[in-house]
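> Single-letter residue listing:
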Amino acid sequence: MSLTGRPAFSSWVKPKPNSSERRRLPPTFGEQLPSAGEPTALSSTHEIMDKDRLVTAVEQEMSDELNLKTRKYLRGDGANLETLRDKKLKGQLAVREKLYGQSAKAAAKAEKWLMPTEEGYLEPEGLEKTWMVKQESIIREVDVISSRKPFDMILPELGPYNLEYASSGRYMLVGGRKGHLAMMDMMSMDLIKEFQVRETVRDVVFLHNEQFFAVAQKKYPYIYNRHGTEIHCLVEHGAPLKLQFLDKHFLLASVNKFAQLHYQDVSTGVIVANYRTGLGRTDIMRVNPYNAVIGLGHAGGKVTMWKPTSVKPLVTMLCHHGPVTAVAFHSGGQLMATAGMDRKIKLWDLRKFGVLNTYSGHAQTMDFSQKGLLAIGNGSQVQVWRDSGNQEYEKYMSHAMVKGYQVGKVSFRPYEDVLGIGHSMGISSILIPGSGEPNFDTWVANPYETTKQRREKEVHALLDKLQPETIMLEPSKIGTVRPPRRKERSTKKEIEEEMETAVEAAKSITFKKKTKGRNKPSKRAAKKEEEVFKAKRLFLEQQQMNNDRPLKKQRIVEAELPKALQRFSRKKAS
Amino acid sequence: MKVKVISRSAEEFTRERSQDLQKVFRNYDPKLRTHEKAVEYTRALTAAKLEKIFARPFIGAMDGHIDAVSCMAKNPNHLKGIFSGSMDGDIRLWDIATSIRLWKVPLLKMMDSSESDENYSKPLAVYVWKHAFWAVDHQWDGPLFATAGSQVDIWDHNRSEPINTFEWGKDTVISVRFNPGEPDVLATSASDRSITLYDLRMSSPVRKLIMRTKTNAICWNPMEPMNFTAANEDCSCYSYDTRKLDEAKVVHKDHVSAVMDIDYSPTGREFVTGSYDRTVRIFPYNGDHSREIYHTKRMQRVFCVRYSCDGSYLISGSDDTNLRLWKAKSSEQMGVLLPRERKKQEYLDAVKERYKHLPEVKRIVRHRHLPKPIYKAATLRRTMIEAENKRDQKRKAHSAPGSMPVQPFRKRRIIKEE
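Residue numbers (the working numbering), protein chains in the order written: chain V, 1 to 574; chain Y, 575 to 992.
For the record, the hints were derived by calculation from the structure and aren't laboratory data. Idealized CB from N, CA, C, for every residue including glycine. Where hints are given, some of them may not hold.
Pulled from the structure, derived: some chain V residues nowhere near chain Y, Cβ distances all over 10 Å [said to hold, decoys possible]: (1) 65; (2) 77; (3) 266; (4) 494; (5) 495; (6) 502; (7) 528; (8) 565.
In the PhoX-like style, the derived pairs of lysine-lysine whose C-alpha atoms are separated by at most 25 Å in a straight line are [what the hints assert, rightly or not]: (9) V:395 - V:371; (10) V:477 - Y:926; (11) V:69 - Y:578; (12) V:457 - Y:926; (13) Y:611 - V:69; (14) Y:926 - V:98; (15) Y:744 - Y:704; (16) V:248 - V:465; (17) Y:605 - V:307; (18) Y:936 - Y:623; (19) V:465 - Y:605; (20) Y:917 - V:98; (21) V:452 - V:465; (22) V:523 - V:536; (23) V:90 - Y:930; (24) Y:917 - V:109; (25) V:307 - Y:611; (26) V:507 - V:536; (27) V:344 - V:242; (28) V:352 - Y:605; (29) V:98 - V:87; (30) Y:926 - V:87; (31) V:257 - V:242; (32) Y:611 - V:90; (33) V:98 - Y:918; (34) V:465 - Y:930; (35) Y:917 - Y:901; (36) V:98 - V:88; (37) V:248 - V:307; (38) Y:744 - Y:788; (39) Y:611 - V:98; (40) V:465 - Y:926.
Please put together the full structure from these sequences, using the hints given.
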């Protein structure tokens, strides 16, 4: 499936590296001021001038803020229309760019005025630091609904717990190592279903909604209904260690005991791909939400990135000097955090594939929140780091649990300021102000979904299901023009193949039979041979040309060698 | 310390009563939406496929004539009716909505007094002149009409003689059309391969343009009345601007046989042509290839086409004595659409437009089934034209630079402009 088009001559436009957003943005808000400064008959001009300046300052601030917000909605720079010579196309594109600017402006205004919820914050006073603040003091300060959100569920017998939130943040899935599975509705703190599978459970993951979930059990992954009914046993996957679900593609990815990566389409049941990673058993697997690429962390310190349509990984990065212990992807698609046994936590830029920052510390598990906060679980302590500008992370909050609890998994709850912790003695959840996105979009993820809305969403998601071929490192490349590829010199084998096909074609030409005694078999054979020779001649000439050139090069090289080294040159035939 | 955590109250986000609508909250942040382009591409692909599934342009045929339909006329003030005339002299008025023939004019030979009077109509006035008439057209805004034959005559309703006559050259004038915007301007085409423009306020014809082949029909663009399109015998249509007749604005090439008739949509954005090669094509007003082709096994040589006055239908009259009603947009849902349906259609059209250059979408959107003779004829034509072009290029390459001037295609078919 080709997702990029052939270049059409007149529409090949190279974007200018400098921002050309001014082309898209209509005149800023500050310039469109109503003439507040028109003097009225009663006031003196001096007063009016001051008021004018005051009004202007406030308006200017607002307009700056709005401009900043608008930039977010523009989704990149505008096209550079000056290089176009086609006037009609230029006019059409200019109109379109103007429309983009208008819609971005409208979205910025909507964000400023129409959002129902405000985001959380934690502002320490005086000498207090944010990471000294304990959960109890937060719970005391916060309102009743929120004070019910953090909890501790002690389940000591059934092993270290894994937890997973649905994409709307409303439902939570809990899986204990010894086979304890439970699904809870976090808004009403209701237990929807709890059951025991009597097998080792390594991972749990929701499928496209809360109706189905997949569990990585001892031998195979299983898919269950919300009522706990086993629906499918996915035999092809083998003994899974980790499961991840690619939302928009309806693909369930699993990595198993033998380091094989399987992709299965859960809507049709087709196994899309299975690849041998070749780098040994690993249970560090994370899906990058921005481009749906699977990142695996290996015991040699490598992180590989996979897509379902290629046998080899897209990217292999050597991240650490020891085994990789945790990987997390930022939702914007630009940052990756990796932690290794070499006591380092590194932040990577995924555009340049280079390190941005290195910090010292261990991490068993990591997770990025919707607002970019990084939670790191290590031993019985959970730390939350925040970006203090320019991708520099510093400690924001810290939570120490009871000494014996070993943190197994941390996961931020979407659209809430809550961090869920799965540990060896059960599950906990703590409040992290400012971690969740306050305003959800009903068409993307709705925590207050009704049954009808859920069903409609499922149908629309299936209609818009993306094919596995659309997974790529840079998903914004779809629909862009592919740069023309320069044809490389074909290998010897390819040339031979081409020659063979040409000879076959020549041999299969049928000649018109001549009449009146001119149709002698010898003449026919000669004509056929001539055709075959003509087809071969082209390739033979090419071969000769190729053979001639290297000889000339070698002779020159030999002449350049100093006398002492000439005995190491190519031996001439004696 | 100041602390605030996200807390939502359920009342604010859910509806109060079951009669209320569900509350919808929007956050347009691009961070919440991953894979935007991939989703749009998938929707474009699905929309292209659905468009092909729902493409059923043929609505019905109006059967009744007993000889080939040679001409049609529509009244711009009445949406539902169309007049058709056949080669045996039969004129009928059809009600398109119910495809009932409303009345017919009897053949002069078969005037039977025993037939009931309501089915037959008596003419309001009869005009007789010295030569045979080939075409007739009425002014858009005025009492005059023009007839074409061996010369162009301008008549008034109340006079029994033409009030004016125009003549340029001795050849038969085969079609005539008045300009919708300028009521005194008309265009005619003659069998000496010319297109002549007349202004009624002047005493002689204004401009004449001679091409290489005969023009069968002309139509003015109702939205841009200075432009007209001529349907030519050499399988193409030529759009001209009357202010600059030395070159065609656009050459519309897609038919494989002579184009017999042409009519513009009331939006002025596209026109329909009927051709001798048994197909009806719809062209955009500024595009050089057709956007749509309609054909049926039963439809033989198409002699006349008309676009309906609401821009949604076309009527074609052909050799097989039938008038056929087609949809202008083959997958359009006719009738009143709910606002949500309409918005969805607009969105799908926009998303198809955005991704129409990608190979998979392009292949589906472009695909039209052609009848085998037309497909072969088109391939043959293409080969012939390519061969000619190659030959010209080689001649040019092997001759002295500048000795073989390249004539732009839009000028190539014009011989002379007077």
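> All the hints need checking, so say for each whether the structure fits it.
Okay, the hints, checked on the actual structure:
Every CB of chain Y is more than 10 Å from the CB of residue 65 of chain V (nearest about 16 Å), matching its label as outside the interface. Here residue 77 of chain V stays apart from chain Y, with its beta-carbon at least about 14 Å from theirs, past the 10 Å limit. Under the 10 Å C-beta cut-off, the non-interface status given to residue 266 of chain V relative to chain Y holds; the minimum distance is some 17 Å. The claim that residue 494 of chain V lies off the interface holds: its Cβ sits roughly 25 Å from the closest Cβ of chain Y, which is beyond the 10 Å cut-off.
With a least CB separation of 29 Å from chain Y, residue 495 of chain V remains clear of the 10 Å interface cut-off, as annotated. The Cβ of residue 502 of chain V sits about 24 Å from the closest Cβ of chain Y, beyond the 10 Å cut-off, so the non-interface label holds. With a least beta-carbon separation of about 28 Å from chain Y, residue 528 of chain V lies farther than 10 Å from that chain, consistent with its non-interface assignment. The Cβ of residue 565 of chain V lies farther than 10 Å from every Cβ of chain Y, with a closest approach of about 53 Å, so its non-interface assignment holds.
Distance hint between residue 395 of chain V and residue 371 of chain V is fulfilled; the C-alpha atoms sit about 15 Å from each other, no more than 25 Å. For a cut-off of 25 Å, the pair hint linking residue 477 of chain V to residue 926 of chain Y stands: about 17 Å separates their Cα positions. Of the supplied pair hints, the one linking residue 69 of chain V and residue 578 of chain Y holds, its CA atoms being roughly 23 Å apart against a limit of 25 Å. For the proposed pair residue 457 of chain V and residue 926 of chain Y, the alpha carbon gap of about 22 Å is at most 25 Å, so the pair holds.
At roughly 22 Å between alpha-carbon atoms, residue 611 of chain Y and residue 69 of chain V fall within 25 Å of each other, so this suggested pair holds. Distance check on the hinted pair: residue 926 of chain Y and residue 98 of chain V sit about 20 Å apart at the alpha-carbon level, within 25 Å; holds. Taking the CA atoms of residue 744 of chain Y and residue 704 of chain Y, the gap is about 15 Å. The hint holds against a cut of 25 Å. In summary, the hint linking residue 248 of chain V to residue 465 of chain V is supported, as the alpha carbons are separated by about 6 Å, within the 25 Å threshold.
For the proposed pair residue 605 of chain Y and residue 307 of chain V, the alpha carbon gap of about 22 Å is at most 25 Å, so the pair holds. For the proposed pair residue 936 of chain Y and residue 623 of chain Y, the alpha carbon gap of about 11 Å is at most 25 Å, so the pair holds. For the hint pairing residue 465 of chain V with residue 605 of chain Y, the CA-to-CA distance comes to about 19 Å; that is within 25 Å, so the pair holds. Proximity of residue 917 of chain Y to residue 98 of chain V is assessed by CA-CA distance (about 21 Å); at most 25 Å being required, the pair is judged to hold.
As the CA atoms of residue 452 of chain V and residue 465 of chain V are separated by approximately 20 Å, the hinted pair is consistent with the 25 Å bound. For the hint linking residue 523 of chain V to residue 536 of chain V, the alpha-carbon distance of about 20 Å falls within 25 Å, and the restraint holds. In summary, the hint linking residue 90 of chain V to residue 930 of chain Y is supported, as the alpha carbons are separated by about 19 Å, within the 25 Å threshold. For a cut-off of 25 Å, the pair hint linking residue 917 of chain Y to residue 109 of chain V stands: about 23 Å separates their Cα positions.
Distance check on the hinted pair: residue 307 of chain V and residue 611 of chain Y sit about 18 Å apart at the alpha-carbon level, within 25 Å; holds. Restraint check for residue 507 of chain V and residue 536 of chain V: the C-alpha separation of about 11 Å stays at or below 25 Å, so the hint holds. Restraint check for residue 344 of chain V and residue 242 of chain V: satisfied, since their Cα atoms lie roughly 23 Å apart, inside the 25 Å limit. Proximity of residue 352 of chain V to residue 605 of chain Y is assessed by CA-CA distance (about 20 Å); at most 25 Å being required, the pair is judged to hold.
For the proposed pair residue 98 of chain V and residue 87 of chain V, the alpha carbon gap of about 16 Å is at most 25 Å, so the pair holds. Only pairs whose Cα atoms come within 25 Å are accepted, and residue 926 of chain Y paired with residue 87 of chain V is accepted, the gap being roughly 24 Å. Taking the CA atoms of residue 257 of chain V and residue 242 of chain V, the gap is about 9 Å. The hint holds against a cut of 25 Å. Our distance criterion of 25 Å between C-alpha atoms is met by residue 611 of chain Y and residue 90 of chain V, whose separation comes to about 23 Å.
The straight-line distance between the Cα atoms of residue 98 of chain V and residue 918 of chain Y is roughly 23 Å, inside the 25 Å bound, and the hint therefore holds. With a CA separation close to 19 Å, the supplied pair residue 465 of chain V and residue 930 of chain Y stays within the 25 Å bound. Restraint check for residue 917 of chain Y and residue 901 of chain Y: the C-alpha separation of about 20 Å stays at or below 25 Å, so the hint holds. For a cut-off of 25 Å, the pair hint linking residue 98 of chain V to residue 88 of chain V stands: about 16 Å separates their Cα positions.
Between residue 248 of chain V and residue 307 of chain V the alpha-carbon distance is near 14 Å, which keeps this suggested pair within the 25 Å criterion. For the hint pairing residue 744 of chain Y with residue 788 of chain Y, the CA-to-CA distance comes to about 15 Å; that is within 25 Å, so the pair holds. Distance hint between residue 611 of chain Y and residue 98 of chain V is fulfilled; the C-alpha atoms sit about 20 Å from each other, no more than 25 Å. In summary, the hint linking residue 465 of chain V to residue 926 of chain Y is supported, as the alpha carbons are separated by about 17 Å, within the 25 Å threshold.
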